[in-house]
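Colleague: If you use the working numbering, the sequence shown corresponds to residues 669 to 893, in order.
No lab work stands behind these hints, which were simulated from the structure alone. Ideal Cβ positions, reconstructed from N, Cα and C, are used throughout, including at glycine. Mixed in with the good hints there might be a few duds.
[Stated by the list, open to error] With a cut-off of at most 25 Å between alpha-carbon atoms, the simulated DMTMM-like pairs for lysine to aspartate or glutamate come out as follows:
1. Lys679 / Asp822
2. Lys728 / Asp702
3. Lys870 / Asp860
4. Lys870 / Glu745
5. Lys728 / Glu812
6. Lys870 / Glu830
7. Lys728 / Glu709
8. Lys870 / Asp822
9. Lys870 / Asp685
10. Lys728 / Asp751
11. Lys870 / Glu704
12. Lys728 / Glu830
13. Lys728 / Asp685
14. Lys728 / Asp710
[Said to hold, decoys possible] What follows is a set of in silico ranges between Cβ atoms, one per label pair, in the way DEER data are often shown:
15. Met669 / Glu709: 25 to 33 Å
16. Leu719 / Pro872: 23 to 31 Å
17. Leu719 / Ala846: 31 to 39 Å
18. Asp751 / Ala846: 43 to 51 Å
19. Gly821 / Arg764: 37 to 45 Å
20. Ala720 / Pro861: 27 to 35 Å
21. Asp851 / Trp893: 21 to 29 Å
22. Gln681 / Gly821: 17 to 25 Å
23. Asp751 / Glu709: 29 to 37 Å
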Amino acid sequence: MCGIAGILDIKGQRQIDRDALTRMTDALAHRGPDGEGFFIEDGIGLGHRRLAIIDLAGGKQPFATHSGNTVLSFNGEIYNYADLRQALGQRSISLRTQSDTEALAELWEMDGSGALSQLLGMFAFAAWNRQTRTLTLVRDRLGEKPLYYAATGDGFLLFASELPALIASGLLTPEISATAVKDYFAYGYVPDPSTIYSGVHKLPPATSLTVSVPADSLPAPASYW
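Please work from the sequences and hints to get the whole structure.
Modeller: See the structure below:
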């Protein structure tokens with residue numbers, strides 16, 4: 669189990685509040701006690717808390733591909749990463765670690781959303797393309813790994829593995845959703861894509877959310893399976 673978090677300027681390339689991002693990752697420390705990492709540049713900030721399981725030394729995140737164009741913050745495990753590594757080698761991709769994180773990052777850089785049909789595992793990840801300034805959030809087919817997101821009134825996208833991390837940013841004013849409360853008492857949980865808070869969403873299983881900056885608003889998530 670790891671934890672991911674991030675802040676994206678939907679409107680352009682404003683400076684990211686590093687303190688807010690740090691508060692978000694601090695709220696996820698219980699998910700990843702073995703390490704913390706950040707990637708921050710104008711318009712985007714990615715955070716990660718790591719529970720080290722595969723390639724203890726080489727799997728630190730956020731992880732940049734060999735080209736440096738794709739940066740990945742990833743929670744989960746890719747079960748067939750050894751096969752993916754072999755396939756990447758046959759495509760002349762030189763890998764530097766033994767981690768499933770690198771296999772996922774390099775595969776995403778090469779195939780984009782086409783990588784999703786090749787993955788066996790449980791995952792939630794954020795992939796940032798520095799060249800096209802595109803952020804993609806992805807959740808696994810059955811929703812084993814969680815991912816929450818919300819847009820602020822001033823045009824920032826926040827996302828994290830848990831709701832408390834979004835609130836910890838200090839960039840949201842949480843308001844309880846009356847509809848979500850009704851759903852909770854009716855069903856015993858709040859169905860996707862809603863959460864207990866108004867304007868805060870769960871990314872449904874088997875969907876991705878892609879935002880190309882600048883954007884006027886958030887697009888709807890797209891199903892991939």
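Colleague: Take the hints in turn and mark each one as holding or not.
Modeller: So, going through the hints one by one against the coordinates:
Using a Cα cut-off of 25 Å, the hinted pair Lys679 and Asp822 holds, with the two alpha carbons roughly 9 Å apart. Straight-line distance between C-alpha atoms of Lys728 and Asp702 comes to about 10 Å, which keeps the hinted pair within the 25 Å bound. Only pairs whose Cα atoms come within 25 Å are accepted, and Lys870 paired with Asp860 is accepted, the gap being roughly 6 Å. With a C-alpha separation of about 20 Å, the suggested pairing of Lys870 with Glu745 holds against the 25 Å cut-off.
Of the pairs offered as hints, the one joining Lys728 and Glu812 holds, with about 22 Å between alpha carbons and a cut-off of 25 Å not exceeded. Our distance criterion of 25 Å between C-alpha atoms is met by Lys870 and Glu830, whose separation comes to about 10 Å. Pair hint Lys728 plus Glu709 holds up; C-alpha atoms about 18 Å apart against a cutoff of 25 Å. Pair hint Lys870 plus Asp822 holds up; C-alpha atoms about 21 Å apart against a cutoff of 25 Å.
For a cut-off of 25 Å, the pair hint linking Lys870 to Asp685 stands: about 23 Å separates their Cα positions. Between Lys728 and Asp751 the alpha-carbon distance is near 21 Å, which keeps this suggested pair within the 25 Å criterion. A distance of roughly 24 Å separates the Cα atoms of Lys870 and Glu704; the hinted pair therefore holds under the 25 Å criterion. With a CA separation close to 20 Å, the supplied pair Lys728 and Glu830 stays within the 25 Å bound.
The suggested pairing of Lys728 with Asp685 holds, with an alpha-carbon distance near 22 Å, which does not exceed 25 Å. Annotation: proposed proximity of Lys728 to Asp710 holds, straight-line Cα distance about 22 Å (limit 25 Å). Judged by the Cβ atoms, the range 25 to 33 Å given for Met669 and Glu709 holds: they are separated by roughly 27 Å. One distance hint, 23 to 31 Å for the beta-carbon pair Leu719 and Pro872, holds here, with the actual separation near 25 Å.
For Leu719 and Ala846, the Cβ-Cβ distance of about 36 Å falls inside the hinted range of 31 to 39 Å, so the restraint holds. Judged by the Cβ atoms, the range 43 to 51 Å given for Asp751 and Ala846 holds: they are separated by roughly 48 Å. For Gly821 and Arg764, the Cβ-Cβ distance of about 41 Å falls inside the hinted range of 37 to 45 Å, so the restraint holds. For the hinted restraint 27 to 35 Å between Ala720 and Pro861, the CB-CB distance of approximately 31 Å keeps it satisfied.
The given range of 21 to 29 Å is respected by Asp851 and Trp893, whose C-beta atoms sit roughly 25 Å from each other. Separation of Gln681 from Gly821 is about 19 Å and conforms to the stated range, judged on CB atoms against 17 to 25 Å. The beta-carbon spacing between Asp751 and Glu709, approximately 33 Å, falls within the hinted interval of 29 to 37 Å.
Taken one by one, the earlier hints all hold for this structure without exception.
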